[in-house]
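Using the sequences provided together with the hints, build the complete structure.
Chains A and B supply the protein sequences, listed in that same order.
Following my numbering from start to finish, the first sequence increments by one per residue and tops out at 343.
Following my numbering from start to finish, the second sequence increments by one per residue and tops out at 961.
Derived Cβ-Cβ restraints for the label pairs, each shown as a range:
1) 328(A) / 937(B): 44 to 50 Å
2) 296(A) / 842(B): 27 to 33 Å
3) 296(A) / 838(B): 22 to 28 Å
4) 853(B) / 254(A): 43 to 49 Å
5) 870(B) / 269(A): 35 to 41 Å
6) 841(B) / 237(A): 27 to 33 Å
In case anyone wonders, no lab produced these hints; they're calculated from the structure.
These numbers were taken from a predicted model, which means no experiment stands behind them.
We put the CB at the ideal spot given by N, CA and C, even for glycine.
Here's the letter readout for the chains.
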Amino acid sequence: MYLPWQDEMILTGPEIERQVSRGAIVIDPFDRGRLNPNSYNVRLAETIAVYDEYVLDSARENKVSVEKISEEGRLLSRDRIYLGATIETIGSDQFVPIVRARSSTARLGVFVHVTADLVDLGYIGQLTLQLHAVQGARIYAGMEIGQVTFWTTQGDRTLYNGKYQGSIGPIPSKSFLDWKSDS
Amino acid sequence: MILTGPEISREVAAGRIIISPFNDAQVNPNSYNYRLGPLLISVDQSGFRIGRPIDLRMTPVTLEPGRVYLGHTSETIGSSAYVTMLNGRSSIGRLGMFLNFSADLGHLGPSHQWTLEIMVVQPLTVYWNMKIGQATFWRPVGKIEPYLGEYARRNEPTPCICLGRMK
Numbered sequence: 161m162y163l164p165w166q167d168e169m170i171l172t173g174p175e176i177e178r179q180v181s182r183g184a185i186v187i188d189p190f191d192r193g194r195l196n197p198n199s200y201n202v203r204l205a206e207t208i209a210v211y212d213e214y215v216l217d218s219a220r221e222n223k224v225s226v227e228k229i230s231e232e233g234r235l236l237s238r239d240r241i242y243l244g245a246t247i248e249t250i251g252s253d254q255f256v257p258i259v260r261a262r263s264s265t266a267r268l269g270v271f272v273h274v275t276a277d278l279v280d281l282g283y284i285g286q287l288t289l290q291l292h293a294v295q296g297a298r299i300y301a302g303m304e305i306g307q308v309t310f311w312t313t314q315g316d317r318t319l320y321n322g323k324y325q326g327s328i329g330p331i332p333s334k335s336f337l338d339w340k341s342d343s
Numbered sequence: 795m796i797l798t799g800p801e802i803s804r805e806v807a808a809g810r811i812i813i814s815p816f817n818d819a820q821v822n823p824n825s826y827n828y829r830l831g832p833l834l835i836s837v838d839q840s841g842f843r844i845g846r847p848i849d850l851r852m853t854p855v856t857l858e859p860g861r862v863y864l865g866h867t868s869e870t871i872g873s874s875a876y877v878t879m880l881n882g883r884s885s886i887g888r889l890g891m892f893l894n895f896s897a898d899l900g901h902l903g904p905s906h907q908w909t910l911e912i913m914v915v916q917p918l919t920v921y922w923n924m925k926i927g928q929a930t931f932w933r934p935v936g937k938i939e940p941y942l943g944e945y946a947r948r949n950e951p952t953p954c955i956c957l958g959r960m961k
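So this is what it looks like as structure tokens:
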């Protein structure tokens with residue numbers, strides 16, 4: 161009997177591992193100890209970026225300063241957006257990655273993305289995390305801060321070749337390029 | 795199962811997804827970039843609109859932290875065949891804008907200009923028709939009973955309709 165949901169949806173942990181081993185998912189470095197029943201835990205890299213200006217403009221390039229998180233960690237102030245990155249290079253030409261916080265992170269009031277959780281098919285790179293702490297919070301380099309899930313797709317695929325492809329470290333917004341490319 | 799960009803284009807052409815106006819250049823590998831519509835309102839602690847709607851066609855606006863703004867999509871969006879989710883876009887998330895925070899799930903059913911819940915971490919200047927977020931489409935399992943509620947008839951930024959009922 162055909163059950164329409166048999167070929168669906170979110171990958172289990174064992175399936176993520178299987179797809180990594182056959183090259184359909186990139187998680188590098190991969191450590192099966194970070195595999196969950198239906199996601200993979202990603203760690204926070206040591207660099208963090210903060211915008212130089214307090215007032216930001218979607219149509220303008222907003223400069224950032226990049227710093228290293230020290231052994232004592234980095235206190236996130238609640239009135240700022242911080243850009244972090246995953247240690248892991250992540251991506252897939254076949255399954256759509258979606259980023260989630262770990263519940264341990266969320267219990268501290270820390271967002272790892274601000275409602276932009278979707279990764280494009282074909283993107284391969286370190287993921288930029290949009291870090292925000294509701295009450296302020298201290299974070300540490302190397303902590304398992306988030307998890308990535310992988311989802312099956314319907315339809316022909318065209319792969320991402322956009323402005324963030326191959327990112328290393330936290331990359332600030334390039335939204336200002338939209339104003340150059342169209343009206 | 796999430797629809798790829800080419801599949802979104804195909805289903806728009808087939809009429810099973812409505813995105814109007816539709817522009818090929820706004821199709822991503824697995825989502826569609828939607829734009830910010832002209833009207834923006836802010837609401838008070840009771841959820842009522844503060845003052846008159848802001849018209850972004852006249853001037854860009856710098857959103858302030860600590861407030862909830864309601865905007866809307868430029869596009870009419872919807873589908874009775876696929877579940878629509880309105881997510882943020884990483885270019886804008888990187889600037890600290892929350893979009894449809896924790897309420898990104900749409901109902902199967904009629905298409906309209908969707909109200910966007912907007913909040914910023916740092917002040918952020920926004921513009922009419924900027925590409926602000928991404929719509930994704932998901933294949934459901936089961937019999938479809940489309941949403942026929944009040945919000946589906948609204949194209950302008952619409953505060954919580956619970957307000958009238960609570961009185």
